Amino acid sequence: MGGVLGRTFDWLGDGANWSGENGVWHRLAEHLLVSGIALGVACAVALPVGLWLGHVGRGGALAVNLSNAGRAVPVFAVLALFMVSPLRSAGYLPTVVALVLFAVPPLLTNAYVGMREVDRSVVEAARGMGMSGRQLFWRVELPLARGLVMTGLRSGAVQVIATATIAAMVGQGGLGRIITAGFNTYDTPQVVAGALLVALLALLVEGLLVAADRLLLRRGRPAPR
Amino acid sequence: MAARNCLVANDWICWDYVTSRAPELADATLEHVWITAVSVLIGVAVAVPLALLARRGRRWAAPVLGLTTLLYTIPSLAMFSLLLPFFGLSAALVVTGLVLYSLTILVRNLLAGLEAVPEEVREAARGMGYGPLRLLWQVELPLALPALLAGVRIATVSTVALTTVGSIVGKGGLGNLIAPGVNSSFKAQVLTASVLCVLLALVADLLLLGLQRLLTPWTRAGRPARAKGV
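Just so you know, the sequences run in chain order P and D.
Sequential numbering of the first sequence, starting at 90, is according to this note's numbering.
Sequential numbering of the second sequence, starting at 7, is according to this note's numbering.
No lab work stands behind these hints, which were simulated from the structure alone.
There may be inaccurate statements among the hints.
Sample of chain D residues facing chain P (criterion: CB under 10 Å; computed from the structure) [what the hints assert, rightly or not]:
#1 Val24
#2 Ser26
#3 Ser190
Partner residues aside, some chain P positions facing chain D, computed with beta carbon under 8 Å [stated by the list, open to error]:
#4 Val162
#5 Phe165
#6 Met172
#7 Val280
#8 Arg307
Since we're looking at a predicted model, the values are computed, not measured.
From the three backbone atoms N, C-alpha and C, an ideal C-beta is built for every residue, glycine too.
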């Protein structure tokens, strides 16, 4: 295995592997574009719905069961269905839609649970102070639910980035193509290099989200506890 | 010949496909079921000692949880490809990959279940003369069972979905029908296999829910008691 690792770094160090249509840079750009759009759309759909359901305290069963349903989505099967439909020629659209379907449930569930886990006595106290529903949402519930919502966002981002590789199995772009190309030519170092790149990207994005979260926390905290 | 043949027309829904390829579909479903079942069972067998290890303190918890979380960031496609040099094109390869993924969920849930066991309960059992092993087996594990089974349900459902990716090495159960279906644009085959895959996840989840109810009757009895506080 040491030999494979050495040859993996040789592969990664070879500039020829980084340039061109099948190069790392191009695949990385595709990967970031697809995962970024998918995560953005998923957040735009899931967060408002999840936070609102949590705020009004309804749809709990839906929110929780949806999370399990999300895991049951075989992304490969969804993608395959799109690829035999007219959507096939729609560029990145099939991959993005499949990833959104996959990412929405955990994001929604975490947002809902985050809002519901807020201490009821705190909510009651805020209400007793005469806060309106809107004030309660923005000033009390959302800041307290932030932790869980961010956790959902982080794991959602990691899962989307890792799962976006499956697009390569139906001939779409992204870093997965480096893996499938290596797989088809029995080039193990290239497969390892592709996997390494995806894992590094996932960890990097998670790190960035953690850092952004800390920054926001420092700036947004109204008063020390 | 019938007036209209849905196989020739390449329709999405085609009963002719289901009847004419019944053995092929049954084989793929069967492979899917046993790959999933074996993966989850081995996953549980590996997760229990890992969770017990993680419970011993922060020194163990950090690496165990860190490693099982890290495994989740490895793309499934890459995981199966990476294990190839060790297992060759075999079902063992897919099972190993799926076991590694299931650990993330199983270890976390089991650990949460074990940590939720009230300290008083442990003290009481110790006071009654229970040794560590008997405490674990007769008190802690049964009390952690609901959390463990909840984890098993999630792990099973996601394993059913992930098994399809195993088609890259030709051992993906229903995925084996989906992959060639994409290349040949065989709509009925892709749709039928996908639907079967989702149904499988659904049936597995319901069966496990039933098992959970059977094994942990006290959780149902406990529900009205909990509502008292409201």
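Practice item. List, from low to high, the hint numbers that the structure doesn't satisfy. Key: 1, 2, 8
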